[in-house]
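Protein chains: 2
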Amino acid sequence: MKVLTEREIIRIITNRFARERSVPLGFGDDVSAIPLSSKNWIIVKTDMLVGSTDVPPGMTTQEVARKAVVATVSDFAAKGVRPIALMVSLGLPAPVKKKTVQDLARGLGQAAQEYRCKLIGGDTNQSNDLVIDVAGVGLADPKTLVRRTGAHPGEIVATTGLFGRPAAGLRILTANRKQDAAKYPSLVKAVRQPKARLAEGIILARSRVVSSSIDSSDGLAFSLHQIAEASKVGIDLHMIPIADEVARFAKERRLSSLELALYGGEEYELVITIKPNGFDELKKRVPSLTEIGIVEKESFGVLAHLEGKQIQIKERGWEHFA
Amino acid sequence: MKVLTEREIIRIITNRFARERSVPLGFGDDVSAIPLSSKNWIIVKTDMLVGSTDVPPGMTTQEVARKAVVATVSDFAAKGVRPIALMVSLGLPAPVKKKTVQDLARGLGQAAQEYRCKLIGGDTNQSNDLVIDVAGVGLADPKTLVRRTGAHPGEIVATTGLFGRPAAGLRILTANRKQDAAKYPSLVKAVRQPKARLAEGIILARSRVVSSSIDSSDGLAFSLHQIAEASKVGIDLHMIPIADEVARFAKERRLSSLELALYGGEEYELVITIKPNGFDELKKRVPSLTEIGIVEKESFGVLAHLEGKQIQIKERGWEHFA
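So the protein sequences, as listed, match chains A and B. Here the first sequence stands for residues 51 to 372, numbered as in this note's numbering. Here the second sequence stands for residues 51 to 372, numbered as in this note's numbering.
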């Protein structure tokens, strides 16, 4: 029996629905769009969090609910669009305790407040697995939407921050290593209390010098490949943005810090390309902006040149059914 | 340990989010709304189908996917709004076969075609339970939206059709009674291939004589109670709209046909109230329209007067965690 991976499942569905009708955005991008007029599109995104596969040990119910919203908001952030409203569908295993529902409501409310969007409705169901599906709705002028397809040769590849914390934190939580959790609080926090780069994403989109953007929820390597593929270009990295504490943790635990930073996932930074002379000005407004490489004409995928060595960055990342 | 019912879960969440901010519609109604202008609102609805609790034996994967869309479209139908676009979040138990995904895509595509809406994106996840969460997005002039709150004393209570088929069909499928399935194909079909009353709902909303509306997905009795409660009125029924074959099936199996028609659920008719002199004209355009009672001033809940006897209709229906 042929068993499918997540990408294969997505490909079958995408082929079925992207084919038959014109879809202005979506399937191949972070969000979907419904044109209202030439200047105003409804932007929609749904992101499902599943208890059995997306929640490591040690997370509270409130944190889980908040994170479900963060995942949806992060896709809006990548396109520079503020979500106005959220709809939340819940699947809850029976029996359901009052405290569980209160904690879910608190986490959802906390995230809605952080990102200034309203929770306006939803649906509640009984299921064998905890499911929190968050749909976000926003509005955007299509001209300001930063797609995955806009990268051009000569442009700068940058990220809104450093990588590897969630991958390292996940190892600490999964192995229940309390000493490491105390020693590296930022790694555990990156898993339990992630942040979406919404404020940064909106600044980047309005700057008009950002040519493409994606969030890194499937990992840095995969996100770079997605931009390279969608924009039909190659990406050449001169540095991998590894967080200091990830490097320390990796050294201590004899892990590859490159592996943690490139192939982790569940990370909500933005990966963008910037017009050649736009970086310095933008860096003043988004201080965490980190230059990591350059866009090349040849679509060779994603390479890195580190300490004189050329490395092929694999198209690999967080994947269900892997 | 206090264990919550679905209504109690919804109440906790609704109290948390309906309280703090003005919500123009939603929580207490079939759909939620985001005002764009005084004449144009974005209408959103999410409805989650869960394999372990919502799918009886005997349904094909294609039918299940189609039904997930029907459930969301039915809420739009109740408000007289056409959904423009659908987003579908999938949770699939591993391993996933190619045929499963193809059948899911077929069912989603079939429903999208039936109700003329586009599937524009979604999300795929691994989970322990089959989950199909369908978000619909539409647009409406708020003046044409038929709320649950508009029923007035003296108005006619009506439905778009007869009841009890899904409740009877579910018994046939659950008990795997092949003889009954062959003898009562319409009952089984009502479960496996339900239809949303979208065309009817749009006609009813445009007529301007329909004062309140709800879909009957939680059962006829519960829907009537919802209208009575939201509109602060009482409802007095002079007939229960039982489908003929449901009456025959009930008699044969010594079941209560009233029970099947009133407390079943998973039924996608519309339950509406109509201004006193509007029924006859509307009946010409929606032939399935069935007059079942009258709106009363006193908020006594829902009563029925049948064959000289007064019956109190209970506020009971399909409920998760029941």
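Don't read these hints as lab results, they were simulated from the structure. Remember, it's a predicted structure, so these values are computed and weren't measured experimentally. We treat Cβ as the ideally placed atom computed from N, Cα and C, and that holds for glycine. Hints are supplied without guarantee of correctness; some may be wrong.
[As the list claims (entries may be wrong)] Distance windows between CB atoms, simulated:
1. A:A68 x B:P337: 24 to 30 Å
2. B:E365 x A:K89: 34 to 40 Å
3. B:N90 x A:R303: 52 to 58 Å
4. B:T224 x A:E309: 33 to 39 Å
5. B:A225 x A:P235: 55 to 61 Å
6. A:L86 x B:R335: 45 to 51 Å
7. A:R227 x B:P107: 43 to 49 Å
8. A:R227 x B:T224: 54 to 60 Å
9. A:S88 x B:K193: 24 to 30 Å
10. A:E309 x B:A232: 57 to 63 Å
11. A:N90 x B:V53: 42 to 48 Å
12. B:K193 x A:K89: 37 to 43 Å
13. A:P235 x B:E309: 55 to 61 Å
Right, here's what the structure says about each hint:
1. For A68 of chain A paired with P337 of chain B, a C-beta distance near 39 Å fails the hint of 24 to 30 Å.
2. Under the hint 34 to 40 Å, the C-beta atoms of E365 of chain B and K89 of chain A, about 47 Å apart, miss the expected range.
3. Restraint check, N90 of chain B to R303 of chain A: a C-beta distance of roughly 56 Å satisfies the suggested window 52 to 58 Å.
4. For the hinted restraint 33 to 39 Å between T224 of chain B and E309 of chain A, the CB-CB distance of approximately 50 Å leaves it violated.
5. Between A225 of chain B and P235 of chain A the CB atoms are about 56 Å apart, so this pair conforms to the stated range of 55 to 61 Å.
6. Separated by about 30 Å at the C-beta atoms, L86 of chain A and R335 of chain B break the suggested range of 45 to 51 Å.
7. Between R227 of chain A and P107 of chain B the beta carbons are some 45 Å apart, a value that agrees with the proposed interval 43 to 49 Å.
8. Range check, R227 of chain A to T224 of chain B: about 48 Å between beta-carbon atoms, so the 54 to 60 Å window is missed.
9. A C-beta distance of roughly 26 Å is found between S88 of chain A and K193 of chain B, which places it inside the suggested range of 24 to 30 Å.
10. Between E309 of chain A and A232 of chain B the C-beta distance comes to about 60 Å, which sits within the given range of 57 to 63 Å.
11. The given range of 42 to 48 Å is respected by N90 of chain A and V53 of chain B, whose C-beta atoms sit roughly 46 Å from each other.
12. In this structure, K193 of chain B and K89 of chain A break the distance hint of 37 to 43 Å, their C-beta atoms being roughly 25 Å apart.
13. At roughly 58 Å, the beta-carbon separation of P235 of chain A and E309 of chain B lies within the given 55 to 61 Å, and the hint holds.
Of the numbered hints stated above, those contradicted by the structure are hints 1, 2, 4, 6, 8, 12, listed in ascending order.
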